[in-house]
Amino acid sequence: MIRHLFSLLLLLTSTACNLSSDKDKNLENKDGFNKIPMYSENVKDSFYINVNLPADYTANKNKYPVVFLLDANLYFDIVAAILDKYSEVGLAPSVILVGIGYKDFTAMDSLRNRDDTYPIAIPEYEMSVSGGADRFLSFIDKELVPAIDSMYRTDTAKRTLMGHSLGGYFTSYALLQNLSGKSVSINNYIAASPSLHYNNYYLLDQFKKIDHHKKDNIQMYITYGGPELNESSNQPDVLKQLSEVLGKKIFFKADVYSGLDHMDTQVPTFIKGLQLMLTGNE
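Quick note, the sequence shown lines up with residues -19 to -1, 1 to 263 if you use mature numbering (1 follows the signal peptide of the UniProt record, and there is no 0).
There may be inaccurate statements among the hints.
Dumping the calculated SDA-like pairs for lysine to any residue here, alpha-carbon to alpha-carbon at most 25 Å [unchecked claim]:
1. Lys234 to Gln200
2. Lys234 to Asp197
3. Lys196 to Gln158
4. Lys66 to Val165
5. Lys189 to Ser109
6. Lys139 to Asp65
7. Lys195 to Leu227
8. Lys221 to Pro100
9. Lys44 to Glu124
10. Lys229 to Gln256
11. Lys189 to Ile103
12. Lys196 to Tyr45
13. Lys234 to Ser224
14. Lys25 to Ala128
15. Lys230 to Leu259
16. Lys163 to Pro100
17. Lys189 to Ile231
18. Lys84 to Ser119
19. Lys139 to Ile199
20. Lys139 to Lys234
21. Lys221 to Asn211
22. Lys196 to Met244
23. Lys230 to Asp245
24. Lys196 to Gly228
25. Lys123 to Ser21
26. Lys44 to Ala138
27. Lys195 to Val165
28. Lys190 to Leu227
29. Lys163 to Glu209
Simulated DEER-style distance windows between Cβ atoms [unchecked claim]:
30. Tyr182 to Asp115: 12 to 20 Å
31. Val70 to Ser224: 16 to 24 Å
32. Val165 to Lys190: 18 to 26 Å
33. Asp192 to Ala40: 41 to 49 Å
34. Lys190 to Ala138: 23 to 31 Å
Simulated from the structure, these hints should not be mistaken for lab results. Cβ atoms here follow ideal geometry from the backbone N, Cα and C, with glycine treated the same way.
Using the sequences and the hints, build the whole thing.
Here it is, written out as structure tokens:
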């Protein structure tokens, strides 16, 4: 499966993605894709949103699952192209892909620290801005999700959030808020190599503390690359601890990609996670 994904990546990196938005209202820059600016009252800043519709969207009146993809500047084009091809041949579900990005890569590099983390970073991380995940999640819950639901035919029972690294940390944070009853708009969570070491494993401790009841409709898929799990002998067994805490409460699945490093896990995780959660196939 992983080998096929990487082969397809080589073929698709130059493939143009179908964007459903009015091009006259979009921005296009050197990142290579069109973006719709959306100002957030919760964050007090603008995000740039991409939407890729299924190929058969206009040919029927079906409702489709929605997938919210973080760090869209980096991943939207590739993930959209793979999903288009895979859904065409029945290897992936047809979804509405919504990319959440920033004006450009430079902005993404700094502002993702602001939006993906909570609480404020400890001094050793030397982050100039951090701790805004609560406001970012409010943007998704209260502004972006309603906007997408009003514009497209969405299956409101099948919303997925997926991110990598700090984006994976935010995805895990969003799951924590769901289990705490504070954010219930998303029910599927896909985290590739999440930075759970942030603030001395703050999120891991929070998962252990909450008294969450069983939620059969909540799913999480989390992965790491083998080499990154072996970087430190002092690193706790994150996947084992998460499985013990979450495994009896939600659908929880974890994988280790033995041959992949931190920057290799994202796309295979996203595709496999969607296959698992939306079709039941691995």
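Violating hint indices (sorted, rising) = 4, 5, 22, 23, 29, 31
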